[in-house]
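Trainee: So you can see what is in the structure, the chains are spelled out below.
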Amino acid sequence: MDDPSVVDLTLSQPTPKTSHRLPTVSASQALQDLTDGPSNFIKTGIASLDSRLAGASITVEGGFERGKVTEIWGPSGGGKTAIALQAAIHGIHGGSSVLWLDAAASLSKDRLRGVARVKEISSPTPSIGRDTTNHFHHVDVPTLSHLLAMILHPRADTIPLGASLLAIDGLNHLLDLDYPRYQIAAPNKTELQKWQAGRRYAILGFLVSGLNKLAVLNNIAVVVTTGCATRMRHDNGLGAALVPGLGGVEWESGISSRIVVFRDFGVRLVGVQKCQGRSLISREEVGEPGHLVAFEITSEGAVTEWMMQKADGSPLKQAVKARASPVKPRKRTADEIADSEGEDMDEYGWADTDDDAFTAEGLVGNGDASAVPAEPG
Amino acid sequence: MLGTREQEHPDAPKGCFSFPMTDILTVLVDFDIRPYTHILPSLEKALITTADLLSLEPLDVAKRAQVPAGEVRKLVDAVLDGLHGAVGRSRQVYGQDVGGPVDLSEDRPPGRISTLDRSLDASLNGGVAPGYLTEIVGESAVGKTQSLLTLLLSVQLPPPYGLGKPALYISTEAPLQTTRLAQILKTNPGLTSLPESERPSLSRIQSTHIHDVEAQEHILRYQVPVAIKKQNIGLLVIDSIAANYRAEFDKSKARKGAESFAKRSNQLAQLGALLRDIARTHNVAVVMANQVADRFTLVEGSGYAHNSTSQNTTQRSRPASPPQQQTSRSAAMSQPVPSSGVPLTPAQLLSTDDPLALDHQQRFFTGWGDDPEASNFKTPSLGLTWTNQLGARIALLKEPVYEERAYAPGEDRNVSGWNRKAKVVFSAWGPEKDTGFEIWEGGVRGVKEPP
Chain B
1 MDDPSVVDLT LSQPTPKTSH RLPTVSASQA LQDLTDGPSN FIKTGIASLD SRLAGASITV
61 EGGFERGKVT EIWGPSGGGK TAIALQAAIH GIHGGSSVLW LDAAASLSKD RLRGVARVKE
121 ISSPTPSIGR DTTNHFHHVD VPTLSHLLAM ILHPRADTIP LGASLLAIDG LNHLLDLDYP
181 RYQIAAPNKT ELQKWQAGRR YAILGFLVSG LNKLAVLNNI AVVVTTGCAT RMRHDNGLGA
241 ALVPGLGGVE WESGISSRIV VFRDFGVRLV GVQKCQGRSL ISREEVGEPG HLVAFEITSE
301 GAVTEWMMQK ADGSPLKQAV KARASPVKPR KRTADEIADS EGEDMDEYGW ADTDDDAFTA
361 EGLVGNGDAS AVPAEPG
Chain S
1 MLGTREQEHP DAPKGCFSFP MTDILTVLVD FDIRPYTHIL PSLEKALITT ADLLSLEPLD
61 VAKRAQVPAG EVRKLVDAVL DGLHGAVGRS RQVYGQDVGG PVDLSEDRPP GRISTLDRSL
121 DASLNGGVAP GYLTEIVGES AVGKTQSLLT LLLSVQLPPP YGLGKPALYI STEAPLQTTR
181 LAQILKTNPG LTSLPESERP SLSRIQSTHI HDVEAQEHIL RYQVPVAIKK QNIGLLVIDS
241 IAANYRAEFD KSKARKGAES FAKRSNQLAQ LGALLRDIAR THNVAVVMAN QVADRFTLVE
301 GSGYAHNSTS QNTTQRSRPA SPPQQQTSRS AAMSQPVPSS GVPLTPAQLL STDDPLALDH
361 QQRFFTGWGD DPEASNFKTP SLGLTWTNQL GARIALLKEP VYEERAYAPG EDRNVSGWNR
421 KAKVVFSAWG PEKDTGFEIW EGGVRGVKEP P
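Respectively, the protein sequence lines represent chains B and S.
Heads up, the first sequence is in UniProt numbering, so the first residue is 1 and it goes up one at a time.
Heads up, the second sequence is in UniProt numbering, so the first residue is 1 and it goes up one at a time.
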C-alpha cells in the first residue's frame, strides 16, 4: 500500500499453521450475549463509572463492554492499572478467563493475589481455578513485534478459552520505542522517508482494528492503558496539559470508550471522555477531563467508588485550594514541528532551570558525600 | 534483549530514526537469518521494520522492497513462529492460587530488599521489589546515597530481608563510599546481630564508574547484562541517573529547542526500556538516584503573569480566556457549590478548573506539591518522559527546623536541623505512603513525623 493515510481495515488472517479451532461465535450465542445485559459488561468496581461507560447518567449495569476497546490513560500513580486489574478480577470471579499483557512494568503477583482476595469483590461462591476456564493468563510483551504477532496473527491458544477480558498495560511504551512520538522535522524528505514518518499512526490503525476484531470474535472486553504525554496549548494561553499517550485519528476512532484517571488533593478521579463510540468532549478541548467520577483505592489495592456524602448528608470532604509555585515567565517559546500533529512540546522547564539545579545540588563536589552528613550551614 | 535502535539509516535525514530489518535479531535473539540474507538488505533499504512486516500485506512489502512475495511470506511465517514461541514461554497462568491462601506470612511479602528499618520497609510494602525501575529522588544531602548504600548491603541478606545476592553499583559522579558502608556494617543492629557468615560484605558489592552518555549506553546495554548473569546480581544501583545527561543535553541546546527535546525524549525512552529489560529478564532491582530543580509555575508569554504567591486564592492557572472557551468548560465543570459549601458532585472536588494542566498534575507524580500548605517545590530532573519509565518513585523531602529563640528584626532564622520525609509517590507493588526518617550511623531509619 503506497498511501499511508489509507489504512487497510480488511486485515486478512493468514491460514493458521497449527489451528484446530476456528474462533467463531454462533449467531444464537451472539444474540443471547446481546440480550443478556449484565454479562455484556465487565464491572470496574466504581458503580457510577460503570453506568457512564454504558452510556447512562443513572445507575445501570455497566462497565467495560465486551466486543469493544476501552482506553485508560493518565499520569503515573493515578490508578489505571488498579482499575484494569479490578475489572480483570471481576471477570475471573464471574467464571471467565483473563489475558493480561504487560508492556512495561510487570504486574506483581502479590498485587494480583491481594486484589483477588478482597472480600468485596470476591464472588460468594468462589470458583477460581476449579476448572480450567477461569484462569488469569499473564504475558510480558517485550516489543511491539511480539504484540503485533499476538493481535494481528493470533494463534488458536492466544486468547484463552472462555475469556472475558484482554488487558494491555502500558501500550504506549511499545509504540514509542519503535515509532517515537516526537519526530524531527526535516525539509526535503523523500517519499520513502515521508512514508516512514507516518508509520506510527498506520500501525496504530492496524492495531486498533486488530483489537476490535479480537474483541468481537472472542466476545471480550479489550482494556488498554496508555500513559500520558504533554501538549502545549497556545490557543488559549494556558500552559502544557497532559494528553493521552496514544493519539491520532486512526486510534481515536477505533476505541469505543476513553477514560482519564488522575489525582487532585485528597481525591482520585476518573473522567469519561468517550463512551459508546461517542466523544463527550470536543477534540479541541485539550485538558478537559470529561464527565467526572470520584473513586478510591483501598489498602489492599481494590478500587471502589468514593462516596460524596455520608448517609446523613454531611460532607466527607471539602474541596481544597492550594498555594501555587512562584511564577517564572517563559523566556522562549518552543518551535513547531512540521511532521507531528502540530504538537508543540515542552518539558516543565527543566532545561531552563537545569543550571540552577545543578549548582544548588553542589554537583561540583560530592552530593551526599560525608559519612554522617554535615548539615548545610 | 533490545538492540541499538538509534542507528541512523544512511539514507535517512539526520535525526530520523529507522530500525533496519537487522533489528530482528534483537527482537528475536535466536532467529536464524541465513535463509533470508538475500532479501534482508532490500527490506532494509525500503525502511521496512519487523513491525511493518507483521502489519502490512506480504504483497505490499514485496512491492516496496522489490523482492519476491513468496520469500516475504516465508520470512513472516518464520518470524511469527519465533514470536509466538517466545510469548508462549513467557506466559504464566494463575489458577488455584489466585485468591487462594497465602502460604507466607502476611508481614513481609517475599522477594523484597529491606531498608533495614521496619517503618521504612512498611511504607514500601516490604522494601524495594526486584523486576522494576525504582527512583530515589531529592535535593542534595537529603539522604539518597545513604539509602542506596543501605540497599547495597541488605540485598545480600537471605529472604525475606534481601535476595541473597550481590550488588552492582554504578557511579556517575562520586565513587562508592566504602568508608560509610563499613560504618553501617559495624553499627546497624540488624546486621551486627547476624553471625559472621551471614553478614553482608563489601566484597559482594561490585562498583564501576561511567563518565558520559556514550559510555553509559555501551556499558548498560552490553556489559551490565553479562555481569549480572555471571555474578547473579540482585541489585543494580545507578547514582545518579541524571548526571551524565546534563552535559549531553547542554551540547544539544545549541540546536532548535524542540528538536533537542525530541531527541532527549526518545533517548530517555530507550534508556528506560533497556533498564526495564534488564530488571525483568534477570529479576534485578534497578534503583537510581535522581536530582531535582526548583519549581516555577510556567505561564504563557501572553503578558498575563498570574501572581501565584498570594495565599488563599483558588489556584487558577487560566488567565482570562475567550468567551466560548469559558462557556464550554463551565458547562462541563462548574456547577454552583451550594451555600453550605458542601460539594455534591465530583467536579466540585477539583481544586482548579484546569486539573489536567501539567503544572497541576506534577504535584501528584513528582513528590512535591501535593501538600496544600507547603511551598518551595522541587521537580525531578529529566521530565515527564523519564517519570513515565519508572515503576516506582520515592521522593525524599527535607524541611528546615528553625532555632526557637528571639530574633532581631531582619535577622535570618538559624537552621538548627532538618525534618526529612520519605514519600512513596507511586509504586507498582504497593500503595502511596509517607514516613519521616533520619540518617544515622547505621544507615537510615524511620522516625515519627513532628506535628
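Source of the hints: derived by calculation from the structure; they are not laboratory data.
None of these values were measured; they are calculated from a predicted model.
Glycine is no exception: its CB is placed at the ideal position from the N, C-alpha and C atoms.
Please note: incorrect hints may appear among the correct ones.
[As the list claims (entries may be wrong)] One-sided excerpt, in silico: chain B residues whose CB lies under 8 Å from chain S:
#1 Val-25
#2 Ala-54
#3 Ile-58
#4 His-146
#5 Ile-184
#6 Arg-199
#7 Arg-263
Trainee: Each of the hints needs a verdict: does it hold here or not?
Mentor: Hint check:
1. With its C-beta approaching chain S no nearer than about 23 Å, Val-25/B sits outside the 8 Å limit, and its interface hint is violated.
2. The interface hint given for Ala-54/B is violated, since its Cβ lies 18 Å from the closest Cβ of chain S, which is over the 8 Å cut-off.
3. This hint is violated: Ile-58/B has a C-beta 14 Å from the nearest C-beta of chain S, more than the 8 Å allowed.
4. Using the Cβ-Cβ criterion of 8 Å, the hint placing His-146/B at the interface with chain S is satisfied: the shortest such distance is roughly 5 Å.
5. Restraint check, Ile-184/B versus chain S: the minimum CB separation of about 4 Å is within 8 Å; hint holds.
6. With a cut of 8 Å, the hint placing Arg-199/B at the interface with chain S holds, because the nearest CB-to-CB distance is about 7 Å.
7. Hint status for Arg-263/B relative to chain S: holds, with the closest Cβ pair at about 4 Å, below 8 Å.
This entry does not satisfy hints 1, 2 and 3, going by the numbered hints stated previously.
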